[in-house]
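Participant: Read in the working numbering, the sequence shown has 78 at position 62, and its numbers run on one by one without any break.
Hints listed in this document are in silico derivations from the structure and should not be mistaken for laboratory results.
Keep in mind that a hint or two might mislead.
Restraint-style ranges between C-beta atoms, simulated for each label pair [what the hints assert, rightly or not]:
hint : residue 1 : residue 2 : range
1    : Asn337    : Leu369    : 30 to 38 Å
2    : Leu369    : Thr285    : 21 to 29 Å
3    : Gln204    : Thr122    : 19 to 27 Å
4    : Arg234    : Asn337    : 46 to 54 Å
5    : Pro207    : Gly155    : 30 to 38 Å
6    : Lys248    : Thr122    : 42 to 50 Å
7    : Asn337    : Ser236    : 54 to 62 Å
8    : Val208    : Leu369    : 40 to 48 Å
9    : Asn247    : Glu69     : 43 to 51 Å
For clarity, every value in this text was computed on a predicted model and none was experimentally measured.
Idealized CB from N, CA, C, for every residue including glycine.
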Amino acid sequence: MNKDLPRWATAFALPLLNLLSALLVTALVIHLLGESPTESLAILINSAVVNPEGLSYTLFYASTFIFTGLAVSIAMEAGLFNIGAEGQMYFAGLGLTLAMLTFDSTLPALVLIPVGMIGAALFGALWAFVPGYLQAKRGSHVVVTTIMFNYIAAALMNTVIVKLVPPGEQNPASRAFAAAAEMPRLNQWFPVLGETPLNISFFLAIIALVIYGVVVSRSSWGFKLRATGLNKHAAHYAGIRISKMIIIVMLISGALAGLGSVNSIMGSTHYLSLNFVGGAGFIGIAIALMGRQHPVGIFLSAVLFGALTQGGFDLSLEKQNIPPETVILVQGLIILFCGAMENLYAPAIAKLLKLKK
17 MNKDLPRWAT AFALPLLNLL SALLVTALVI HLLGESPTES LAILINSAVV NPEGLSYTLF
77 YASTFIFTGL AVSIAMEAGL FNIGAEGQMY FAGLGLTLAM LTFDSTLPAL VLIPVGMIGA
137 ALFGALWAFV PGYLQAKRGS HVVVTTIMFN YIAAALMNTV IVKLVPPGEQ NPASRAFAAA
197 AEMPRLNQWF PVLGETPLNI SFFLAIIALV IYGVVVSRSS WGFKLRATGL NKHAAHYAGI
257 RISKMIIIVM LISGALAGLG SVNSIMGSTH YLSLNFVGGA GFIGIAIALM GRQHPVGIFL
317 SAVLFGALTQ GGFDLSLEKQ NIPPETVILV QGLIILFCGA MENLYAPAIA KLLKLKK
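Please construct the entire structure, taking both the sequences and the accompanying hints into account.
Facilitator: In structure tokens:
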């Protein structure tokens with residue numbers, strides 16, 4: 017049915033209707049909890065958008081979500097469902113931390129920050145390589161292997177981080193990095209943002225979006241990528257090496273997920289903590305589905321989820337009956353409507369436009 021709809025309907029109308037459906041269900045849940053949906057929405061908007069400091073936090077979270085959304089999106093362009101961005105971020109955080117603990121006392125910031133980014137990208141790509149290889153060479157389904165690798169990465173983090181805890185410390189975290197390892201914060205140039213962790217990772221995420229859009233839509237490699245996702249058999253007969261494409265795409269996907277850890281660690285905590293990922297890898301799935309793998313859609317979806325994350329914190333504080341897990345409910349509903357039920361409104365739109373299947 018989607019193929020019979022105009023581009024504006026599939027790119028704008030369907031995602032908007034799916035989002036509104038998720039929000040309506042959430043409003044019903046909030047009402048059943050004994051709170052006003054309109055008051056809750058007003059609190060969320062004021063906290064995440066109207067307040068400059070809150071907006072800064074929204075964009076900070078969005079910076080990480082853009083990378084995980086890109087990671088899932090580029091895999092989906094090749095017909096792969098990479099559910100392992102969470103584990104890839106974990107492993108990338110370990111690579112970044114090892115680089116910082118090794119070089120933060122000797123290298124200047126101009127060199128140290130790129131070294132940390134390279135370490136994160138390499139470790140993220142490495143963690144995605146095995147599922148990609150198994151899919152390409154052995155036929156193992158990438159959904160199953162990436163889910164398994166999420167658990168392996170979490171278990172590995174629990175084991176390794178104990179070795180990184182400084183003597184005498186109880187908190188399961190590495191030592192703090194040197195000041196040179198901190199991503200420059202935007203409040204240096206925009207004081208109105210307040211004391212928030214929003215940093216240059218936001219601009220790096222925008223650059224990544226632009227590169228993704230150009231490569232996927234305007235390059236010969238992007239054409240091969242999309243051809244692989246549309247029909248692997250036809251792509252094979254056209255001369256595209258499918259196994260090679262799958263491995264390369266998974267490497268890129270893992271690297272993008274890994275870069276999301278740079279914002280979380282070097283841009284905020286400045287040390288490796290046990291749960292620094294915070295579900296960002298799974299949020300990337302919702303962003304890719306809602307954004308339809310388009311750069312603009314990914315950006316808007318990432319900002320939306322950043323606003324939900326930021327606004328959800330204040331909402332749970334001001335409304336005692338609304339638990340913090342409500343944000344997770346919204347995320348799950350968006351995945352439900354944009355993923356499993358993405359064609360729910362397609363027949364109605366087609367009928368409205370007098371289109372036939």
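Participant: Confirm or reject each hint.
Facilitator: Here is how each hint holds up against the structure:
Checking the proposed 30 to 38 Å range against Asn337 and Leu369 shows it is violated: the Cβ atoms sit about 42 Å from each other. Taking 21 to 29 Å as the suggested C-beta distance range, the pair Leu369 and Thr285 does not conform, at roughly 50 Å. A hinted range of 19 to 27 Å for the beta carbons of Gln204 and Thr122 is consistent with their spacing of about 25 Å. At about 50 Å, the beta-carbon gap between Arg234 and Asn337 stays in the expected band of 46 to 54 Å.
The hinted range of 30 to 38 Å is not satisfied by Pro207 and Gly155, whose Cβ atoms lie roughly 56 Å apart. Between Lys248 and Thr122 the beta carbon distance is about 48 Å. The supplied range of 42 to 50 Å therefore holds. At about 55 Å, the CB distance of Asn337 to Ser236 agrees with the hint of 54 to 62 Å. Between Val208 and Leu369 the C-beta distance comes to about 45 Å, which sits within the given range of 40 to 48 Å.
In this structure the hint that Asn247 and Glu69 lie 43 to 51 Å apart at CB holds, the actual value being about 49 Å.
The structure fails to meet hints 1, 2 and 5 from the earlier list, while all remaining hints are met.
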